[in-house]
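Engineer: Kindly produce the complete structure, drawing on both the sequences and the hints.
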Amino acid sequence: MVSLSSYLIISMILFVTGITVMIGRKSLVAILLGVELVMNAAALNFVAYSRYMTDNLDGHVFSLFIIVIAAAEAAVGLAIVIRFFQIKETIHVDEATQLRN
Amino acid sequence: MEYSIGSIAPIFLAPVLAFVINAFFGRKLPRNGDWVAVLGVFISFIFSARIFGDFVFGNFATDYYIHKTFTWFDLSFADQIWKVDLGIYIDNMAAIMLLMVSGVATLIHLFSTWYMDHDHRHGRFFTFLPLFTSGMLGLVLSDNLLALFMFWEVMGFCSYSLIGIYYEKEEAGNASIKAFMTTRVGDVFLLLGLVAVWMVIGSVTYTDIYAAIANGSFEGKTVLGISLATFAGFCMFLGAMGKSAQFPLHVWLPDAMMGPTPGSALIHAATMVAAGVYLSLRMYPLMVIGDLTTFIAVIGAITAFGAATIALVQTDIKAVLAFSTISQLGYMMIGVGVGSYNAAFMHLITHAVFKACLFLSAGSVIHSIHEQQMPKMGGLRKKLPYTFIAMLCCSLAIAGVPFFSGFVSKDRILGDALYWGFMAGQNPMLAIVPILGFAGAFLTAFYMFRMMFLTFFGKPRDQHIYDHAHDEHLSLTSNVPLLILTVFTLGFWYAGSLTGQGFVKVMGAKTEWFKILVEAPDVKKFADSKSKITPLVEPTTVTEKLPVAVYDHQTGYAGPNPDDHKIHTAHVVGAAASVVIAFSGIFLAFLMYVKGSVKSPRSKFPGFVRTLQNRYYFDHVYVDIIIKKGLLGLNRFLAWVDMGLYDRYAVDGWAKVNRVMFKIAKWFDNVIIDAVGVDGTGVAVNLFNLVLRIVQSGKIQFYFIMLIVVLGSYIWTLNF
Amino acid sequence: MIQQLLGFLSYYIPEVMLVVLMTSLLVAEASVKDEHGNRDKIYAYALGFLGLTLIPLFQNSGKAPVHVFFNAVTIDQFSTLVKIIMVIGTMGSILLSRTSKDIYTNLKSEFVILAVGVLIGGMLLASANNMLTMYLGIEILSILSYVMATLKRDESTSAEAGLKYILYGGLTAGIALFGMSHIYGALGSIQFVDVVDKVGSLQGIQLYIVMASFVLFFAGLGYKISAFPFHMWSPDVYQGAPIPVTTFFSIVPKLAGIAALIRVSMVFFTNNTILMNSWVGLILVVAAMTMTVGNVTAIGQNSVKRMLAFSSIGHVGLMILGVAVLNEAGIRAIIFYGIVYMFMTFCAFYITSYLNDQYGTDNYDVFRGLIYKNPLMALIMVGTLLSLAGIPPFSGFVAKFNIFNIVIEKKYYGIAIVAAINSVISLYYYVRLAKVIIFGKADSNEEVVGFTRFNQTVILALFVPVVLLGIFWDKVFTLAGSAAIFIK
Amino acid sequence: MNGILNWILWMPIIGMVAVLLVPKAKENVIRFVTLASTTITLILSIVLYMNFDNSTADMQFVVKIPWIESFHINYYLGLDGITMLMTFLNALLFFICTLSSWTVEKNLKAYFALLLMLQSTVFGVFFSLDFFLFYVYWEVMLIPMFFLIGIWGGENREYAAVKFFLYTFFGSIFMLVGIVALYYATGKGPDSFSILAHQGGKFVNETVSIFGNEISFEKLFFWFMFLGFAIKVPVFPFHTWLPHAHVQAPTAVSVILAGVLLKMGTYGFLRIAFPIFPAAAVEYSTLIAVLGLISVIYGAFCAMAQDDVKKLIAYSSVSHMGFVMLGISAMTTQGVSGAVLQMFNHGTSTAMMFLLIGIIYERSHHRWIVKPDGSLGYGGLSTKLPKFTTVFIIGMFASMGLPGLSGFISEALIFLGIYQRFTTITVIAVVGLLLGAAYLLWMFKRMFFGPVNPECEEYEDMNAREIFYMIPLCICVIVFGIFPSPLLNVMKASVGQLVDLLAKF
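Chains as they are written, first to last, in this note's numbering: chain A, 1 to 101; chain B, 102 to 821; chain C, 822 to 1309; chain D, 1310 to 1814.
Hints are not guaranteed to be accurate.
If the Cβ cut is set under 7 Å, some of the chain C residues that face chain D in the computed set are [stated by the list, open to error]:
hint	residue
1	Pro1214
2	Glu1230
3	Tyr1234
4	Val1239
5	Ala1241
6	Val1252
Covered by chain D, per the in silico footprint, the following chain C stretches (three or more residues, Cβ under 8 Å) [unchecked claim]:
hint	segment
7	1218-1229
8	1289-1302
It should be emphasised that the hints constitute simulated quantities derived from the structure, not laboratory data. Cβ coordinates follow ideal geometry from the N, Cα and C atoms, glycine included.
Structural biologist: This is the structure we're talking about:
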C-alpha cells in the first residue's frame, strides 16, 4: 500500500534535487529543468494531499494548473535563454554577471 | 534732610550725558566736545560737594545715610516674588568718595583739555573719560553689589578703551587686552560671589547683607564645602584684587600707562583701582566673618613690598608711578586686612589726590619734553617750576613725610599693622606684614625721590631734550589743576591736625572728622532693616537718621581695640619709625642721585636687577607660558579634536559607516561570489561544491543559496 | 448557473475589459504597417481604454464586498482601490514608454500589451481569494514581467536581467508552491474562506507545518515585492530593464504583491495567536532588514535608476510594516503609501528617463546642474527626492508618518527607531542627488531634449499630487481608510 | 486681532509669491517687494506686541482650524510670552537681513523667495500649537536653508548644506517618533496632537516595553525629543554642523541661523520637552546642565583657536547657547527667564556680529583673522573704518556680556538661576565668561588694532544702508541692556508657569 508519506518523501526528493540542480549546475537549461523539478514536487504534493487528506479536488485542479504554468514558464524561460545565447554565445550561468553594483 | 532723586542723580547722569553727547556729536562740536566732558564732570562735582557738605558739615553723624531704591525689573509671577531693585546708598564713606572722585576727575578733565589738545584721538578720549568717571560715581552711589558689578565692568570697558586708544601701536592693543582680561579674571569671581550671596541670602543690597550677617544668616551655609562667607568673601576679594591690581593680578596696571597720561591718572588714582579697595571696605564685615582678613593683609603686604622693589629699577617715569600705585594699593589692602578700616579708606582718598597729581605732573613733564625715560631728563625744575612744586609735595606725601597726607593715612595703617603683627597675639609669622610694610615704605621714599632727583635735579643728561623743553606758564588748564591737587596733599585736611596724630589740632570740634565719620559698618544696626526679599513699594525712600553714636568698635572685628594702650604705643612707634624710614629713604636717594657719593648696588646683583626689570617674570609666565603655550595650545588641540577628530570621524563617520556597509554588501557580491566563489574557495559555495561534487557556482546561484539559507533560518527560528 | 456566472462577471468587468484590450491590441499591432512608425493611435486607444476601466472600478468601490466565482476571487474595497492605483500606474508607465528611447520603436506596442497583461495578473493577485488564483496571479504577473525585462532585446544587460528574473522567479515560485502544497495538506483547503476558520483550531505539529510552509509561501510573494532576502534580483533587473519597464515594475507588481501579502496575512494570522506572534516577529525582521539593505545599498550607487531601485526596496520595507500590524490602520497606511509612492516614482523616473534619452546614461553626472538647464524639472526632481526621503510638506512625509503611526500604535518602538534611522540614511543618498542637481555646475547649457511642453505638463501634473497629498491629505486618507479587506 | 497670527505667518508667503511673479531682470523691484513684505511683518509683530497681554500665561491670539480630521490635526496657532519675543526677533532679523542681502548678485529672485519662505516657516515653528503642524514647519524650514546654504554659500557649501540637513533631520525624525507616541499615549482623542494638551506631566507613570524591558515612557521620549532639540541648539556633542553651516552660509543666512534657528531648539525645550515630560526633565536636568556647561567651555576654547572669524563667532554661538541650556536646566524663575532673555539677546548680538563680518567680507572677500600663510588678514580697521569699529565694539561687548549691554542681564540671570541648583557647575561656568571675553578681544585686537594692513587701505566705511540696518540692532542691544523690563514683563507669566510646573516634580 502506497502511503501519503511515500509521496511526500518522493516530492521532497524532487524538491531537493531541483534546488540542488539550480544551485549547482552551470547550464542555464539545466537550471530551468531544476525549476520544473521543484514545481513538479509541489504538484505531486497537491495530488497526494488531495487524495489522502481532503475530500475535495482542489489539489488535483491545482496540479493541472501547475503543469500548464510550468509549460508557459519553461517556454518563456527558454526564449530568454536563447536570446541570451544569441548575445553571449554561451549558456553558462556565470556569464550573467554584467549587472552588479 | 530730604534728598530728592533729582539732587543725586546728576552726579551720575551728568557725565553720562557728556559721554552720550560726545559719542554722537563729539566730532561736530568745537574742540571735539572736550568742554562738554569737563562741564559734565564739574556738574557732578557740584552736586557731590553739596552732599559732602551736608554729610560732613551738616549732620556729622556716623550713622546717617540715604537709601533710595527703585525696581529695575520684576520677574514675579503668581506667588513667586522675585525682583531686582537698584538704588542709591550714600553714607559718609560714599559722600567722601563722591567728592574725591568727581573733584579729582574734574581736575583731570581740565588738565586733559590742555594735554590732549593736539592729539589725534582727542575726541575719542573725551568720549570715554566722562563715561569712566560716571562708572566710578555710579559704583559709589549704588546700594548693592549688582549695580556695583555693572559699573565695575563699565569701568573695565573704559579702561580698555583708554589704554588702547593708540590702537595702531601693537603694545597698546596688548596692554588694553591685558588690562581687561586680568581684571576680568577677578570680575567673574566677583560675579560668582555676588550670585552666591544673592541666592543664599536673597539680596545683594549692602544693608541686607549687613543685616544677614547680624542675623546670622551666613552661619551654617556652605558652598562646595566652604562656608558661604569665606567663599563669597574670597570671590569678591579676587574681584578686588583684579581691579586694585593686587599680587598676582597686578600685571595689567604697569601696562595701563600705554594710554594717555591723564587717562592713567584717572585709572590709577580716582577711579578704577580705587574700586577694588572700595569693594573690600564695603564688604569688610563679610571678610571678617569669612576669616579672610589675614589673607588680605598678607596679599597687601606682598603687593606693597614687591611692587616697591620693582619700582626701584624702572626708568620710565610713568612706570615708577604705576608700580608705586600698586604698592600703595597694597598698603590699603594691608589696612583692610589688619582692621584699620578708617585708615585704609583715608589712604584711598589721600592716595587718589597725590597720585592724580603725580600723574598729571608726569604728564606735564612728558608733554613738555616728549620723553618718558628718566635717564634722559634732569634739571627740569627750572623749566617746569610749578610742576616741580606739585610733584615734590606729592612725593613727600607718598613718602610719608609729616604734615603731608600720606603720613597721616599710611602711618595709621602701618601703626595698626604693627600692632596687629606683633602685639595682637597672632601667629608670629604674620609679623611679616608690618615688616614688609615698613620695608616698602622705605623703598617708596627712596624710589620716589630717585624719580624726583633724576627728573628735576642735577644737570640735564640730554641737553637736546632739555633745550627743546617748553617753558611752563601758569594756566588754568595746564598747571592750576596740579596746584589745586597739591594743596590737598597736606595732611591737615584729612586729619584735622598738622601731624595727623592729634597733637596739633586745627579744626576745632571737627578735628578728626575723618576718623569719626568713617567707621566699619556696624552690622548690628542693620539687623532690623527691611529685607529686599519682601516686596517694596516703589519708589522707596528709606532715609533713616539713626542716633549719633560715638565711635566705638564693636567686638567681633579683628581690628585693634582703641582702649588698649598697646595700640597707642604701636601708633607712636609706627609714626616714629615711618618718619625715620621716610627721611632715610629720601636721604639715600639724595646720596645716590644728587651727591653721587653712594654707588648704586645694581652691579653687584645683576641677576636680581634683571629679575626686577622683568617684573619678577610675571608677564612672561602669564603671557608666554600660561596663555601662549597653555591656553592657545589647549585651544588648538581642542579645535583639532572637534573638527579634525570628532567631526571628521565620529560625525561624518556615520556617512562612512554607511559607505562601509555598502562596501561590505558590494564586497559580498564581488569578492565572495566572483573571486572566492568562482575560484572555488568561498566558504558557503565551497561547502556545496564539496557536498555536491559539482564544480562551480555563479552569481545567480549565489542568490539562490542566500535565499535558501535565509528561508531555512526563518523556518528554523520560528519552529524551534 | 450561467446567470450566476454573469452575476459574478458584473463584478469582474474591469478585468474583462483589460483582456479585451489586450487581445485587441495584439490585433491592432499586427495591422501596423510601418514597423518603425509611431504608434500614437495604439497609445491613444490603450490609454483611453485603460481610462475606461477606471469607471467600473470606481463603481465597484461603492459596492458591498463580495466573493465571486465561488470564493475564488473577492471584490472588496481594498482590492478595488489597489486596482485603481495599478491601472493609473500602468497608464503612467505606458505614457512614459511612448517617448522613451529605451524601448525600441517597433516594440512599443508590445510594451503596452505586456503591461496590460501584467496588470491583469496584478488585478487577479489583488483580489485572489484562494491559493490557486493567487498562484495564477503571481505567475501571470511574473511570466509577462520576464518578457518585459528582456524587452531591450539586443542588449546583453536586458537579456541578463530577464534571465535573472526568470530563474529567480522560477525558484521562488517553486518554493512557494511547495509551501502551498503543505498548507493545503495541513488545512485541507485552498480557499481562504475555509482557511480562516481552520487556522484557529490548529494544534501541535500542524501549527509548525503551517508556519514553515507559510514561510515558503511567503517566498513567492516576498520575491514579487522584493523583500529581504528575496530582493537580490530586483536591482539587477531594474538596471537592466528599460526605464519605462523599471517604472512599471516598481509600481504595479509591487503593489499587487503587497496587496496579496496583506490579504494572506489577514487570513492566516488574525485567528491564531501563536501563529500571529511568530509571523509578526518574522515580518518585523523582514521589514527591518529590507529597508536597511535597500537603503544602505542605495548609498553607493552611481546609476540613478539603480539607486531608485534600491530605494524602492527601502520603501517596500516601510510598506511591509503596514502588513505587520495586521489591522485596518495598516491597510489604510499601505494604500496611502501606494498612492503617494506611485506619484513620486513617476516623477523621479520620468525625469530620469528623459535625461537618459538625452545622454544615453543615467549616472548622477547627467543630473549635474540641471537647475540651470531646466529649473522647473530640477525643482520637481528635488521635490520628489525630498518627498521620497519623507520631508514635509511633500506627501512622502505623510506616508511615512502613517507608517510610524501604525507601528507606534502597536508599540513596536524598536522597529520605529530602525525606520527612523533608515529615513536618515535614505535622506543621505537622496540629498546626494539633489545636491548634484542644484549645487553642481552644468557642463553645458544645452536644453534637455526630452522635456517638451507636453512632457513637462505631464510631469507637473504628476508632481501636483506629490505636494497636495502632503498638505491636504485628509480626503484621500479617508478614502484609503474605507479600504477594508473582506475575508468572510 | 485674532487673525493677526495668520497674517504674520502668511505675509512672507504672500511676499514670496509676489517675488516669484516679478520678472527676473527687475532686481530692484524684487528687493523692494521683499523689503515691503518683511517691513509689514515687522510692523505686524510690533502691533502684536502692543496688544499682548502680559498678565496671563495662556495662549493668546489663538487660531484653530481643523486640518486633518482623521487624526484630529488642527491648524492651531497661538502665542505666549516666550513666543512673543521670538516672533519679534524673527521679524526684526528678517527685515534686517533683507537689507543686508541687497547686494546679493547670484540669482536674486530665488534668494529672496527662499528667504521669505524661511521666515514663514520659522514663524510657523514658533506659532504652532499642534504637534503635526509644528513638525511640518520644523522640517520644511530645512528646505530653504538647504538651498540657501548650498547655492549662495562659500566654497565648501555643499558639504555644509548636506551636513546641516542630515544632522537636523536625524534629530527631528526621532522627534517624530516621540510625537506619534504621544498621540497614542493620549488615546487618539481630539486633543492628541495639541502641544498644550500634553503638558503637565501626564505621562509620569506610563511605561513602554522595548525589547522586553519596561522603560518609563517619559524618560524614553524625553530623550527622543531631546535629540531633536539638542541638535538644533546645538548642545555638545551635537554641535559640529554649526561651524560648517555658518562658515559656508551667506551673511543673511548666518544671521538667521544663529539669530533665530538655534533658538528653535531651546524653544522646543521650553515649549515641548520640559512641560510635557517634566519628571524626566527634572531628573536629567543635571545631565543637561553638564552638557550645557561643556558647550560653554568647549565652544569657547574652540572659538579661541579659530583663524576664520566667522567660525569663531560660530563657536561662540555654541558657547552662548550653552548658557541658554544652563539657564533652562536650572528650572528656576531666574534661570529660565535668563535663558529666554539670552535667546533674544544672543539673537541680536550674534546677528550684529555676523552682519558686521558680512560687511567686511564684502570688502575683503576673505574672513581670515590670520591667513593660512601666517600673515594677518586684517589689521588697523579701527583707523580705516571708524563707524564700523564703533558698531563692532557694541556688538562684541554685548556678546561678551558687558553690563549696560543686553548680554549681561541674561547671563547674570542664568547664573543666579543655575546657582540654586548646580553650584559646582556655576563655578566652572563663570570661566566661560572669561574665555568669551578672551577670544573676542583677541580677535578684535588682531583685526582692528595695530598698523593698517596695506590690503585694508581701500576699504570703505559702512555706507548709509549698512548703518541703517545696524541701528535697530544697536538700539536693541543697548536699550534692552539698560531696560530689560519690556522683554521680561512679556515673558514672565509664561516662564513662571513653566517653573511652577517643573517645581512640582
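Engineer: Taking the closest Cβ pair, is Ala1241(C) under 7 Å from chain D?
Structural biologist: holds (4 Å)
Engineer: Any CB of chain D closer than 7 Å to the CB of Val1252(C)?
Structural biologist: holds (5 Å)
Engineer: Taking 8 Å as the Cβ threshold, is the statement that the segment 1218-1229 of chain C is covered by chain D upheld or broken by the three-residue rule?
Structural biologist: With 5 residues close enough to chain D, the hint holds.
Engineer: Under the criterion of a CB-CB separation shorter than 7 Å, is Tyr1234(C) in contact with chain D as hinted?
Structural biologist: holds (5 Å)
Engineer: Does Glu1230(C) hold up as a contact with chain D if the rule is Cβ-Cβ below 7 Å?
Structural biologist: holds (5 Å)
Engineer: Hint validation: Val1239(C) versus chain D, beta carbon distance must be below 7 Å. Holds or violated?
Structural biologist: violated (11 Å)
Engineer: Please check whether the segment 1289-1302 of chain C has three or more residues whose CB lies within less than 8 Å of a CB on chain D.
Structural biologist: holds (count 5)
Engineer: So, Pro1214(C) near chain D? Judge it on the closest CB pair being under 7 Å.
Structural biologist: With a minimum Cβ separation of about 6 Å from chain D (threshold 7 Å), the hint on Pro1214(C) holds.
Of the numbered hints given earlier, the model fails hint 4 alone.
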